[in-house]
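Chemist: So the protein sequences, as listed, match chains A and B. Here the UniProt record's numbering is used: the first sequence runs in plain steps of one and ends on residue 313. Here the UniProt record's numbering is used: the second sequence runs in plain steps of one and ends on residue 275.
Derived from the structure by calculation, the hints contain no laboratory data. Possibly wrong hints are sitting among the right ones.
Simulated crosslink set (EDC-like; lysine to aspartate or glutamate; CA at most 20 Å straight-line) [stated by the list, open to error]:
1) B:K54 / B:D239
2) B:K162 / B:E92
3) B:K5 / A:D117
4) B:K34 / A:D152
5) B:K192 / B:D100
6) B:K162 / B:D100
7) B:K2 / A:D216
8) B:K166 / B:E92
9) A:K179 / A:D152
10) B:K54 / B:D37
11) A:K207 / A:D152
12) B:K2 / A:D117
13) A:K233 / A:D206
14) B:K2 / A:E211
15) A:K32 / B:E170
16) A:K32 / B:E179
17) B:K222 / B:D138
18) B:K34 / B:D239
19) A:K32 / B:D100
20) A:K32 / B:E92
21) B:K162 / B:E179
22) B:K166 / B:E179
Since we're looking at a predicted model, the values are computed, not measured.
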Amino acid sequence: MSQQKTKRGEIDLPVRLKDSKRQKTGVYFRKKVGWLFIIVSIIAITIFNFYPMVQAFLLSFQSGMGANLEYVGFDNWRRLFGDPTFIAALTNTSIYLLIQVPLMIVLALFFSVLLNDPNLKFRGFFRIAIFLPCVTSLVAYSVIFKYLFGVDGIINLFLLNFGIISEAINFLADPVWAKVVIILAITWRWTGYNMIFYLAALQNVDKSIYEAARMDGANAIQQFFQITVPMLKPIILFTSITSTIGTLQIFDEVVNITNGGPGNATLSISQYIYNLSFEYTPDFGYASTVSYVIVILVIILSIIQFRVAGEKK
Amino acid sequence: MKNLKRIFIYTFLSLAAIVSIFPFLWMLVSITNKSVDVTQGRLLPGTHLIENMKTLFATVDIVPALMNSAIIAIISTILTLLFASLAGYGFEIHRSRGKDIVFTVLLLSMMIPFAAIMVPLYRMFGSISETAPLIGIDSLGAVILPTATTAFFIFFFRQNTKMFPKDLVEAGRIDGLSELGVFFRVYMPTMKTTYAAAAIISFMNSWNNYLWPLVILQSPEKRTIPLLISNLGSSYSPDYGVIMSAIVIATLPTALVFFLMQKHFVAGMMGSVKG
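With the sequences and hints as input, model every part of the structure.
Modeler: Right, dumping it as structure tokens:
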């Protein structure tokens, strides 16, 4: 596409093609050099991602305190199913995932379609406003959400003043409300981020398709489901996979809004892994076993998402 | 009917904008108010700003934390830009089947949850702490290294390189530039926008990183900004005005970086979505 921009006249191609022997060694050399460009990244990603993955797998068959580990076979894996804290963490994380990811993706899609309309006034303002939450750090906004939803927080004050509730709700001490706050928080932080991807993709959609659909009498909702969604399918797949992976790993928000409480009502799998490794008596083996549950979930859910996206063709 | 739809759209968007902006406004107003006023829900600017800042700098080690975060974010961004762009360029310009396979394998690392490799990484850095304290446990180097090049940024650069006019590579070679020379003298200057976008994302990621520094850093003087804020947030008798000031100061760099380079950011995102 942008190749057209180059000034072909400036390049004297035939000169290079004359000496075919030199060219051959040149090509061979270039092939080798190509590997040099990527070698640092290959080494780094192997050391810092793939090697630890293998290590974690081996660790999941070991147990013991701190550095004194010994192989215990499938003991850790068996322990998982009878561990109420793990079950709680898995349940909580699944709830976050099942409610938050669809909610956020639908919202982001709506925003992007509305904000793609060139006739919309204050379009730039709305875009920036909705994207703004993305510039905050997870910890910073979590602390703010914690205060907003505190017993004497501003949300309670607001609801009381408008007579919506008669008594302050202790959001963060209630097992259900605490989860709701965390879901709201993640949605607040990430909707704008996903919206940008959809907005970018919408720029590539040919406007005449919509015109043709309008001529055929399709209304806005039909256009949305029959043109926009199918056109954006690859991006929707991309964002749902990245969001799924992100929400499965949720840590910062839970630690800083509720610290897993009340009880273990908001504890996430990542926080449990952290606790097992660094808060309780360290059991790296069992922590690694729990962490592999996230790995397995990521793989299964990604395959499902690929399948679903593929079938709708 | 059409008007009704319009009213609905504008109400919906305005509500969303208010919800998005409100925490920021509240945060900005709160740094000018006393702690008591913040808890009473005061939404008007007060006169306590200087007082809050004074207390913050007197009671909280925010300057060292800012320094640590800045060092980590800047070094890790520079390394990411260099290594990831080299790789993205290498994969796209020096294309071969072998490299395509390697690329696919590298992409798989994006699927690896950090929690799954956190413990082995911690042990790995622990085992080299004695011999190489600069990159061992409780060192800024250990925070930086795992983020120095990631599959995401390699992917990002490769996608954007698809738009790079490949004739320029030939032109550079004919002008007698070495392969690396082409990269540094032709590719880098042409791809400024992509570098800017990657820089924003990388800087934000590493400035805001929480879990890995929490694991690997131990001594209080090595604390980064997110660790500091998390600590403040969990204190028993919080001074809201002061905590909000710390949060605002911590958010300013990423917000500034983002707004100064917003255009590049969106352009870069688009580049990675295309093709």
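Chemist: If a hint holds in the structure, say so; if it does not, say that too.
Modeler: Against the structure, the hints:
| no. | hint | verdict |
| --- | --- | --- |
| 1 | B:K54 / B:D239 | holds (13 Å) |
| 2 | B:K162 / B:E92 | holds (7 Å) |
| 3 | B:K5 / A:D117 | holds (14 Å) |
| 4 | B:K34 / A:D152 | holds (15 Å) |
| 5 | B:K192 / B:D100 | violated (25 Å) |
| 6 | B:K162 / B:D100 | holds (14 Å) |
| 7 | B:K2 / A:D216 | holds (19 Å) |
| 8 | B:K166 / B:E92 | holds (10 Å) |
| 9 | A:K179 / A:D152 | holds (19 Å) |
| 10 | B:K54 / B:D37 | holds (18 Å) |
| 11 | A:K207 / A:D152 | violated (50 Å) |
| 12 | B:K2 / A:D117 | holds (15 Å) |
| 13 | A:K233 / A:D206 | holds (15 Å) |
| 14 | B:K2 / A:E211 | holds (18 Å) |
| 15 | A:K32 / B:E170 | holds (17 Å) |
| 16 | A:K32 / B:E179 | holds (11 Å) |
| 17 | B:K222 / B:D138 | holds (7 Å) |
| 18 | B:K34 / B:D239 | holds (8 Å) |
| 19 | A:K32 / B:D100 | holds (15 Å) |
| 20 | A:K32 / B:E92 | holds (14 Å) |
| 21 | B:K162 / B:E179 | holds (18 Å) |
| 22 | B:K166 / B:E179 | holds (13 Å) |
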